[in-house]
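> Sequence:
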Amino acid sequence: MIESLRVAHRRAFVMLALVLPAILLIGLGSRRSRTDAGARTADIPATANAVRESGNLWQSHTIHTTLCRRSDRSQEINVVLQSAEGLNEPDLLLYWAANAPEGNVLPEEARLVGAFKTGKAFLIPLNEKRSGYLVLFSSAHKSVFDTARVEKLP
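Sequence positions in the sequence shown follow the numbering used here and run 44 to 197.
Simulated from the structure, these hints should not be mistaken for lab results. Any given hint might turn out to be false.
Dumping the calculated PhoX-like pairs for lysine-lysine here, alpha-carbon to alpha-carbon at most 25 Å [as the list claims (entries may be wrong)]:
(1) 163 <-> 185
(2) 195 <-> 163
(3) 160 <-> 185
Start from the sequences, fold in the hints, and give me the full structure.
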């Protein structure tokens, strides 16, 4: 009985030695690359006019921020964020808040704008003051990654 179990274990380990590296290589090959092909070009509509651009709006990171308005929808403001370096924080979400976050906690009135992606245009849900804070929040770490103060928009 012991001999038959040894033969079965030997065959199982030989099979695993062949299958596991193949699974690993297939998984590595199917991953999306970290830099998207369209990351350098923003998806701003052709009818958009830049309202404000800044490279030093964020507190801790260098993220080029472009606020733009479409000519056919003058009340809507879009924001495009293009990070100079790769942000290595998992699951970054972009929020819009009227008040600054305190510590690593989002304000109660913060509204989700979308999942952060370099070069993607996000529609900002403006309030009557037309000013507030853009907040990058890491949902994996449950902490505020960075904030940017947006002064009164026209």
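> Hints first: check each against the structure and report whether it holds.
Comparing the hints with the structure gives:
A C-alpha spacing of about 23 Å is found between residue 163 and residue 185, which places the hinted pair at or below 25 Å, so the restraint holds. A distance of roughly 22 Å separates the Cα atoms of residue 195 and residue 163; the hinted pair therefore holds under the 25 Å criterion. Note on residue 160 and residue 185: the hinted pairing holds, with a Cα-Cα distance of about 18 Å set against a maximum of 25 Å.
Every hint from the earlier list agrees with this structure, and none is contradicted.
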